[in-house]
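Undergrad: Top to bottom, those sequences are chains A and B. Note that the working numbering gives residue 39 to position 39 of the first sequence, counting from 1, and the numbers run on in steps of one. Note that the working numbering gives residue 220 to position 220 of the second sequence, counting from 1, and the numbers run on in steps of one.
Incorrect hints may appear among the rest.
[Stated by the list, open to error] Calculated lysine-lysine pairs in the BS3-like style (CA-CA distance at most 25 angstroms, straight line): (1) A:LYS216 <-> B:LYS145; (2) A:LYS231 <-> B:LYS116; (3) A:LYS231 <-> B:LYS197.
[To be verified] Just so you have them, the derived chain B footprint on chain A, three or more residues with Cβ under 8 angstroms: (4) 238-244; (5) 259-272.
It should be emphasised that the hints constitute simulated quantities derived from the structure, not laboratory data. None of these values were measured; they are calculated from a predicted model. Think of the CB as a built atom: it goes at the ideal place given N, C-alpha and C, for glycine as much as any other residue.
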Amino acid sequence: MAGVAPQNSGPLPQELELPGGKTGFRNWLDRNAWRDIIIAVPYIWLILFFVAPFIIIIAMSLAQSVIAQPPFRFDETWPYVTFENFERLFSDYVYLRGYLTSLRNALIATALCLLLGYPMALGIARAKGVWRNILLLLVILPFWTSFLLRVYAWMGMMGSNSWFNRGLTSLINVFLPAASEINSVPMMNSNFAVILVVVYSYLPFMILPLFANLEKLDFTLNEAAMDLGSKPMTVFRDVTLPLSIPGIVAGCLLVFIPATGELVIPSLVGNAGDPMIGRVINDEFSLNRHWPMASAIAVALLMLLVVPIMLYNRMQERAAEGAK
Amino acid sequence: MGIENTGKAWETPKTEPFIRIENVTKKFSDFIAVNNVSLDIYKGELFALLGGSGCGKTTLLRMLSGFESPTEGRVWIDGQDMTSVPPYERPVNMMFQSYALFPHMTVEQNVGYGLKHEKLTKAQRQDRVKQMLDLVQLSQFAGRKPHQLSGGQRQRVALARALAKQPKVLLLDEPLGALDKKLREHTQFEIMNIQEKTGITFVVVTHDQEEAMTLSTRIAVMDRGIIRQTGTPTEIYEFPKTKFVADFIGSINQFAGTVKSVTKDKAVVACADWAGEITVDRDASVAVGQNVSVAVRPEKISISKKAPAKTLNAIEGKVIDLGYFGKDSLYRVKLPSSALVRVNRVNDQRGRETERVAQWEDKVWLAFEPSAAILLKD
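Pulled out of the complex, with its shape left as it was, chain A reads as follows (with noise of 0.2 angstroms):
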């Protein structure tokens, strides 16, 4: 009888002694079989496609680059795997590069993102009624438009003959003398209009994390503070703030890590001179089929982004302790 239904399930004990030779297989269908099932299903997902891929890339990232179809292969003698793309990732200035300009970005990105979703999740919490849902559905209108057309929009946006482009142009002239007028804001093609865009698109996942987050605090901890003697903002700082960290946290890490791997925008709008490591991974596998390489660099960035994954585990673990 070991290993069947837990006591939380409410067997009557009378029934656990189950005369008759009830075996646990039948007893585990008979009582759990449809909660197991269910809980299995995106265990199963996740291991079909998330953690069997991640083992292929894993053993590609261990391989030779050949010229051959499939473009890798692995040595035929012990120890059969080579580390030389990890060797080549830490000594070619290139992927470090890459790296670092992604973190920049996503960091820059991340913060800006922080700086404006804040004021905007918190507006949305305390606003009231019909205005809240008003306010919550404007900020997932976007989605309703391909990702893809909205970057579009903003490279037509951002390129020297726009309207935008030539607005801000006239903008900035009123400020220069005459002699250092400029013909139009050099945006595309740079840091900064990934930055911008990365903001743009990625704004909601702060924004959301963060109202779910406001949006559950309980208004009379304000009134409490206010009471207690702390004007307005003394208590934003010493009641909102700590204990919206939670949501910061989650709509942070939202936005930074696939702010880090991005590939679509720092494509579309980036510098190629200075390029992110999604981009860098993109060229590997599809220019120079390099696929080990390519799969060495993006078990690296898996390996760097896990750090702030885990810290947000941790979080997610200590609010769900405080909530009790």
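Let chain A serve as the given structure and place chain B on it in line with the hints.
TA: Coordinates of chain B only, in the frame set by chain A:
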């Protein structure tokens, strides 16, 4: 306990009220939460605002704390006009119904939070926190977070936090609402003790009449934004001025009737429900022919199987329901007019079921003294 303390300031004409609420009205769009309320509360009182949900008691409290501002009227505290002073500048602290303890701070930090804004040295601050924690007997829990405390302990932290700044007025929003019955009684006396020790004026909002009766020096009974009656617990219970107050506080039997005759100190009321006349101590202002209500508390009616010697205000009926509560029993007696009368009788003799005053279906005599009845005008 507190009554002796305050020296009945409200009865001394020269005493200046400590809190003065002057013709205060509060409207939320077109809903009138508080309707032209005037109220004086004196220094050192433990004053209760009592009423059902939506009666405006919480709105009134929030206007004292500064979270709401009156649409009309003024609020004075200790001689200062507080009407437009923000909550963080009022000499008033509040104990919230939900306690509103800061979940990210320890008990100590919670209690000390308000002191950050006072001009105190660090040592003085620590001293005050320690003193407050001693007052509510929570010193050994100083380092805990609120979620590690029981409901009663949280309540005491909230009380200590609100008292730490030594406010002129302490507001308590349903202070015992979230506690279980045993703890309520204990906490109730604790609040009264603390009030006595600190001498701070307490204003309590509650929907629980028992809580209001035992805690407070005076009660204001509120209904639909209006104060129906203000008085000591005894005044409110024994001398209610309106049907609403009589009905809201405790339970009461009411018999509608018409004043038939008036003598120097008695009035005779003809009552269809009572199938006859009721003699009551007269109120100064009743006139013959006036429609009135005779109200009698269930515990002030005697019940027995034998006909009483005096036939004044006596009637025979039949017991149709009997509730046994241990210390007392409630009898519901049907009169010949089919009106129901509730009678409470203390079970002051130990005995078996069969030894009770009356059983189901028993014929019984009910009677009450003229002084036991309250004459209420419609």
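Undergrad: None of the hints should be skipped; say for each whether it holds.
TA: Comparing the hints with the structure gives:
1. A C-alpha spacing of about 19 angstroms is found between LYS216 of chain A and LYS145 of chain B, which places the hinted pair at or below 25 angstroms, so the restraint holds.
2. Distance hint between LYS231 of chain A and LYS116 of chain B is fulfilled; the C-alpha atoms sit about 12 angstroms from each other, no more than 25 angstroms.
3. Note on LYS231 of chain A and LYS197 of chain B: the hinted pairing is violated, with a Cα-Cα distance of about 30 angstroms set against a maximum of 25 angstroms.
4. Note: the region 238-244 of chain A has 4 residues with beta-carbon separation from chain B under 8 angstroms; the three-residue rule is met and the coverage holds.
5. Counting residues of the region 259-272 of chain A whose beta carbon lies closer than 8 angstroms to any beta carbon of chain B gives 0, which falls short of the minimum of three for the stated coverage.
Hint check: violations occur at hints 3 and 5; the rest are consistent with the structure.
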